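A.B. asks: Sequence:
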Amino acid sequence: MQTVSSFQSKGGKLYLVPTPIGNLDDMTMRAIKVLKTVDLIAAEDTRHTQMLLNHFGIETKSISLHEHNKAQRVPQLLEKLQAGTVMAQCSDAGMPSISDPGKELVAAAVKAGIPVIPLPGANAGLTALIASGLAPQPFYFYGFLDRKHQQQLTELNQLKNHPETLIFYEAPHRLKKTLQSMVEVFGSDRPAVLARELTKRYEEFSRGSLGELLEHVSQQAPRGEFVILVAGNDHPEKAAAETSGTPREQIEKEIVNGLSTNEAIKVVAKRLGIKRQVLYQQYHQF
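Residue 133 in our numbering is what sits at position 131 of the sequence shown, and the numbering runs on without skipping anything.
I should point out that these hints are in silico values taken from the structure, not numbers from a laboratory.
As the structure is a prediction and not an experimental result, all values here were calculated from the model.
A virtual CB, placed ideally from N, CA and C, is assigned to each residue, including glycine.
A hint or two may mislead.
Derived DSS-like pairs: lysine-lysine, alpha-carbon spacing no greater than 27 Å straight-line [stated by the list, open to error]: (1) K162 / K179; (2) K38 / K63; (3) K72 / K38; (4) K178 / K162; (5) K82 / K105; (6) K277 / K162; (7) K35 / K82; (8) K105 / K72.
Now the in silico label distances, taken between C-beta atoms and shown as ranges [what the hints assert, rightly or not]: (9) E254 / P140: 26 to 34 Å; (10) G260 / M3: 45 to 53 Å; (11) K178 / M3: 44 to 52 Å; (12) H218 / K105: 31 to 39 Å; (13) D236 / P174: 26 to 34 Å; (14) S262 / D191: 23 to 31 Å; (15) P174 / Q284: 41 to 49 Å; (16) K277 / P140: 24 to 32 Å; (17) K38 / K277: 45 to 53 Å; (18) S7 / K105: 19 to 27 Å; (19) Y204 / K105: 27 to 35 Å; (20) D191 / Q287: 37 to 45 Å; (21) P120 / I65: 14 to 22 Å.
Could you put the whole structure together from the sequences, leaning on the hints where they help?
C.D. replies: Written out as structure tokens, the structure reads:
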């Protein structure tokens with residue numbers, strides 16, 4: 003067991019600082035104060051973050067930490083933290099580590115016993131959820147789906163029986179294909195909401211069924227970053243039926259629903275907590 007005091011510990015500290023998801027007025031006074039007083043800022047994109055720093059008159063030096071340099075950068079930053087550096091970490095928008103880089107440095111700092119201090123702030127998923135009109139709790143945050151269609155179907159099949167409101171992120175150029183995948187797995191009648199350009203001038207909510215939202219998106223070129231919210235499955239008896247039966251029967255149900263044999267085996271293996279290779283061998287030996 004490890005217990006670390008956030009504020010009373012001396013030496014290096016890692017502050018996790020949320021940044022606005024669009025409207026700069028959403029920057030908190032505490033976030034500004036922290037970014038001004040730390041020794042170093044680890045930023046997803048230093049050029050993007052520099053515009054934010056300039057806006058608030060923050061002169062603290064920043065260094066990049068992103069998906070492509072994390073293997074080299076995390077050990078360097080950890081060494082600085084262990085040497086007593088007080089550091090802030092931020093992504094381009096919203097919460098660090100939530101569908102953004104950052105979790106590796108947090109994990110390394112926690113393992114090393116360095117205080118990790120989170121600040122509350124902007125988050126696109128929750129911002130969209132409370133205005134969606136869908137059940138705000140319980141909810142299941144997923145973030146970005148895989149870009150490949152077959153992988154999307156696999157992921158969505160694992161989520162289709164969840165009773166919680168589902169929250170996804172998506173880029174405008176992939177929105178139509180992702181909604182097509184959702185219609186294919188969840189059905190066209192499932193209630194859903196598209197939240198676009200949250201906190202910005204052209205903020206917009208589109209509410210309806212997945213089929214209606216797909217038709218809406220198909221008639222225009224989507225712009226801006228999107229949050230997709232999908233109502234949970236309100237047919238528990240149907241969900242129970244889909245997950246009943248022998249492993250072979252469940253695999254064959256998934257195949258009937260449109261998955262390939264290998265993808266169906268993968269879905270059922272995860273559902274049952276069985277190794278995919280073991281279930282694959284069992285299925286083909288039946």
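A.B. asks: Each hint should be assessed against the structure and marked as holding or not.
C.D. replies: Comparing the hints with the structure gives:
Distance hint between K162 and K179 is fulfilled; the C-alpha atoms sit about 17 Å from each other, no more than 27 Å. With a CA separation close to 10 Å, the supplied pair K38 and K63 stays within the 27 Å bound. For the proposed pair K72 and K38, the alpha carbon gap of about 24 Å is at most 27 Å, so the pair holds. Annotation: proposed proximity of K178 to K162 holds, straight-line Cα distance about 19 Å (limit 27 Å).
Simply put, K82 and K105 have alpha-carbon atoms about 17 Å apart, close enough for the 27 Å limit, and the pair holds. For a cut-off of 27 Å, the pair hint linking K277 to K162 stands: about 21 Å separates their Cα positions. Pair hint K35 plus K82 holds up; C-alpha atoms about 21 Å apart against a cutoff of 27 Å. Restraint check for K105 and K72: the C-alpha separation of about 10 Å stays at or below 27 Å, so the hint holds.
A beta carbon spacing of about 31 Å between E254 and P140 agrees with the range 26 to 34 Å that was offered as a hint. Distance hint for G260 and M3: a CB-CB separation of about 47 Å, consistent with the stated range 45 to 53 Å. One distance hint, 44 to 52 Å for the beta-carbon pair K178 and M3, holds here, with the actual separation near 49 Å. Take H218 and K105: their Cβ atoms lie about 34 Å apart, and the range 31 to 39 Å holds.
At about 30 Å, the CB distance of D236 to P174 agrees with the hint of 26 to 34 Å. The hinted window of 23 to 31 Å between S262 and D191 holds, with their beta carbons roughly 25 Å apart. Judged by the Cβ atoms, the range 41 to 49 Å given for P174 and Q284 holds: they are separated by roughly 43 Å. Distance hint check for K277 and P140: the Cβ-Cβ separation is about 29 Å, which falls inside the suggested range of 24 to 32 Å.
For the pair K38 and K277, the beta carbons lie near 51 Å from each other, so the given range of 45 to 53 Å is met. The hinted range of 19 to 27 Å is satisfied by S7 and K105, whose Cβ atoms lie roughly 22 Å apart. Roughly 31 Å separates the CB atoms of Y204 and K105, a value that falls within the hinted 27 to 35 Å. Checked against the hint of 37 to 45 Å, the pair D191 and Q287 passes, with Cβ atoms roughly 39 Å apart.
A hinted range of 14 to 22 Å for the beta carbons of P120 and I65 is consistent with their spacing of about 20 Å.
The structure fails none of the hints (numbered hints given earlier).
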